[in-house]
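We have chain E; now place chain R with the ligand onto it with these hints.
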Amino acid sequence: MEITSHWRIKKQRYALVGEVCPHCSAKIFPPRDICPECGDEAKDHYQFSGRGEVYSYTTLYNAPAGYEEQAPYTVAMVQLEEGPLVTAQLTDIDVKEPEVGMPVEMVTRKLGSEGDRGILIYGYKFRPVLETA
Amino acid sequence: MMVNKNHKTNNDVFIIGVGMTPVGEHWDRSLRELALEAMTAAREETGAMRPEAMFVANMLAPALSRQSHLGALLADFSGMRGIEAVAVGAAGASGGMALRQAYLALASGMVNTALVVGVEKITERVTAEVEAALITSSDADYESIHGLTQTVLAAMLMRRYGFEFNVPEHAFAGFSITAHANGAQNPNAMFRRPIKLETYQRAAILSDPINMFDAAPVADGAAAIFLARGDILPSNLPFPPVRIDASAAAVSAVAVHDRPNPLSLAAAEKAARVALERAAINLDQIDFFEVHDRYSIFAALSLEAAGFAAPGEGWKLAESGAIALNGQIPICTFGGSKARGDTGGATGVYQAAEAALQLQVRAGDIQVVDAKIGLIQSLGGIGSTAATHILSTVETL
Ligand SMILES: [Zn+2]
Numbered sequence: 001m002e003i004t005s006h007w008r009i010k011k012q013r014y015a016l017v018g019e020v021c022p023h024c025s026a027k028i029f030p031p032r033d034i035c036p037e038c039g040d041e042a043k044d045h046y047q048f049s050g051r052g053e054v055y056s057y058t059t060l061y062n063a064p065a066g067y068e069e070q071a072p073y074t075v076a077m078v079q080l081e082e083g084p085l086v087t088a089q090l091t092d093i094d095v096k097e098p099e100v101g102m103p104v105e106m107v108t109r110k111l112g113s114e115g116d117r118g119i120l121i122y123g124y125k126f127r128p129v130l131e132t133a
Numbered sequence: 001m002m003v004n005k006n007h008k009t010n011n012d013v014f015i016i017g018v019g020m021t022p023v024g025e026h027w028d029r030s031l032r033e034l035a036l037e038a039m040t041a042a043r044e045e046t047g048a049m050r051p052e053a054m055f056v057a058n059m060l061a062p063a064l065s066r067q068s069h070l071g072a073l074l075a076d077f078s079g080m081r082g083i084e085a086v087a088v089g090a091a092g093a094s095g096g097m098a099l100r101q102a103y104l105a106l107a108s109g110m111v112n113t114a115l116v117v118g119v120e121k122i123t124e125r126v127t128a129e130v131e132a133a134l135i136t137s138s139d140a141d142y143e144s145i146h147g148l149t150q151t152v153l154a155a156m157l158m159r160r161y162g163f164e165f166n167v168p169e170h171a172f173a174g175f176s177i178t179a180h181a182n183g184a185q186n187p188n189a190m191f192r193r194p195i196k197l198e199t200y201q202r203a204a205i206l207s208d209p210i211n212m213f214d215a216a217p218v219a220d221g222a223a224a225i226f227l228a229r230g231d232i233l234p235s236n237l238p239f240p241p242v243r244i245d246a247s248a249a250a251v252s253a254v255a256v257h258d259r260p261n262p263l264s265l266a267a268a269e270k271a272a273r274v275a276l277e278r279a280a281i282n283l284d285q286i287d288f289f290e291v292h293d294r295y296s297i298f299a300a301l302s303l304e305a306a307g308f309a310a311p312g313e314g315w316k317l318a319e320s321g322a323i324a325l326n327g328q329i330p331i332c333t334f335g336g337s338k339a340r341g342d343t344g345g346a347t348g349v350y351q352a353a354e355a356a357l358q359l360q361v362r363a364g365d366i367q368v369v370d371a372k373i374g375l376i377q378s379l380g381g382i383g384s385t386a387a388t389h390i391l392s393t394v395e396t397l
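Protein sequences appear in the order of chains E and R. Okay, so the first sequence: first residue is 1 according to the working numbering, each after it adds one. Okay, so the second sequence: first residue is 1 according to the working numbering, each after it adds one.
Watch out, some of these pointers could steer you wrong.
Claimed, not checked - Computed beta-carbon distance windows for the label pairs:
hint	chain 1	residue 1	chain 2	residue 2	range
1	E	V129	R	W27	49 to 55 Å
2	E	P103	R	T127	47 to 53 Å
3	E	C38	R	D28	34 to 40 Å
4	E	S5	R	E395	54 to 60 Å
5	R	V86	E	E37	34 to 40 Å
6	R	G364	E	E37	50 to 56 Å
7	R	P238	E	Y61	46 to 52 Å
8	R	D76	E	E37	46 to 52 Å
9	R	R66	E	G118	45 to 51 Å
10	E	I119	R	A72	45 to 51 Å
What the hints assert, rightly or not - Covered by chain E, according to a simulated footprint, are these stretches of chain R (three or more residues, beta-carbon under 8 Å):
hint	stretch
11	120-130
12	142-151
13	154-162
14	206-216
To be verified - Just a sample of chain E residues kept apart from chain R, beta carbon distances all over 10 Å, derived:
hint	residue
15	V20
16	P22
17	E53
18	E82
19	L120
If you are wondering where the hints come from, they were derived from the structure by calculation, not from laboratory data. Every residue, glycine too, gets a C-beta built ideally from N, C-alpha and C.
Chain E on its own, in the form it takes in the complex (with noise of 0.2 Å):
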């Protein structure tokens, strides 16, 4: 993927802004500019929490070409507390097994590098919430 390419998206990366269907009130994320509830146009940006719980989630062993120096990781799917499913790299699990149901919360981290000059790409992680006083 070229520079531009994670240049456009950087506000769903950096931030899980998705949209709000002005019609039937959908969230939406990733976006997509045509309500996949009511088939309608949305363009209105939402704010996501960040919070969620673990759909499902597995770790890789082999990883393709551009992430194997961060292999083995732990990649899962997080049903966000507004109603979407989002994929993305758990982290700061070491001190906390995963599981199906785990409640989880954005950060934002490095996901990878990208070309001979080895741009570096940010975006969403999840990692567990821990309990607080």
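Leaving out everything else, chain R with the ligand in the frame of chain E:
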């Protein structure tokens, strides 16, 4: 259009030739040489007919061989300059979709004969490059960027399936055991040894809960089938023509997380339902089902999508033996992707060729007894594209 069960009509589309190379690591053979072997074998069964059109199924040649434009390349290399030829791309469903394009061309009457050839050359690159190429069929911006592979996407589905349906440990073993039992008798299969339950249970984990035997190996191979309209069928064919009774295709979201229910293969469900309607038959008339079992969870979900099992119960057909050659609904009769090997975009053409061999009673030790109607389904990505065909024998020509 109603299907006449026993008599051909001019508009019917038939498979009159099949050819396959063994699946494996063909270090010494190029993409075009592999394709030519399968094309020549399929054409030989027709008395070396020259097709009017050729549809090439491929997924990875641009990424792994730096070669696109396979329609012209293979028509030229096989000495057929002048015909029309085009490559069809729908990730792992390229084979099924190429067959569908050929079917549409012939059924329309615009083309009388066509060659469908699937070819894939995968093993000349290292694993990380192959994984990176394979994941291009998923969502680049919202899946692949997180370092995903197809295997981890399948593993997450399998884990969720186990969670939602309370599936016992090793519930999927039967898919792998059956595929390897069948593949052992297929001369073109990559793996030709049956496996035991203990072997499955002890297998190394690739991405929990997927173990080595839940995932199909990707490898090199080529398959071809020759299609002809009913009104130009040659009279002296060496093997009985196999009729395509129905052809259907559908897509769903590319990204798994964009699906209302990730455990339901909506495209597979729709394509199977439409194909059954078009063939005007019921599920219980299907004698075997060539499932695209890149992962054992796909086999379970495909059986459920087609209606052979309720949601969450597809694995029970493996456990009970219903999917074995002598079972109620045999699947992957030549070993499927698991034992034959998965040849990416060529897989759907292998499935069609294998189904044709079953219906022509040429399957040897893996023959399904009294096979009259076969269902084949080709999946792209994590089931984002599904192409479904129903093939049958015709009693009176
Ligand atoms: Zn809406």
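Here is what the structure says about each hint:
1. V129/E / W27/R: 49 to 55 Å: 51 Å, holds
2. P103/E / T127/R: 47 to 53 Å: Violated, since P103/E and T127/R (Cβ atoms, about 35 Å apart) do not stay within the stated range.
3. C38/E / D28/R: 34 to 40 Å: Cβ of C38/E to Cβ of D28/R: about 56 Å, so the range 34 to 40 Å is violated.
4. S5/E / E395/R: 54 to 60 Å: This hint holds: roughly 56 Å between Cβ atoms.
5. V86/R / E37/E: 34 to 40 Å: The hint (34 to 40 Å, Cβ to Cβ) holds, given that V86/R and E37/E are roughly 37 Å apart.
6. G364/R / E37/E: 50 to 56 Å: Since the Cβ atoms of G364/R and E37/E sit about 52 Å apart, the hinted range of 50 to 56 Å holds.
7. P238/R / Y61/E: 46 to 52 Å: At 49 Å between Cβs, range holds.
8. D76/R / E37/E: 46 to 52 Å: Because 49 Å falls inside the window, the suggested range holds.
9. R66/R / G118/E: 45 to 51 Å: 24 Å, violated
10. I119/E / A72/R: 45 to 51 Å: 36 Å, violated
11. 120-130: Our answer is that it holds, as 3 residues pass the Cβ test (under 8 Å) against chain E, meeting three.
12. 142-151: As far as the stretch 142-151 of chain R goes, the hint holds, because 9 residues have Cβ atoms under 8 Å from chain E.
13. 154-162: Satisfied; 5 residues make the cut.
14. 206-216: holds (count 5)
15. V20: Since the minimum Cβ distance to chain R is about 17 Å, V20/E lies beyond 10 Å and the statement holds.
16. P22: 20 Å, holds
17. E53: 12 Å, holds
18. E82: 14 Å, holds
19. L120: The claim holds: L120/E sits with its nearest Cβ about 13 Å from chain R, beyond 10 Å.
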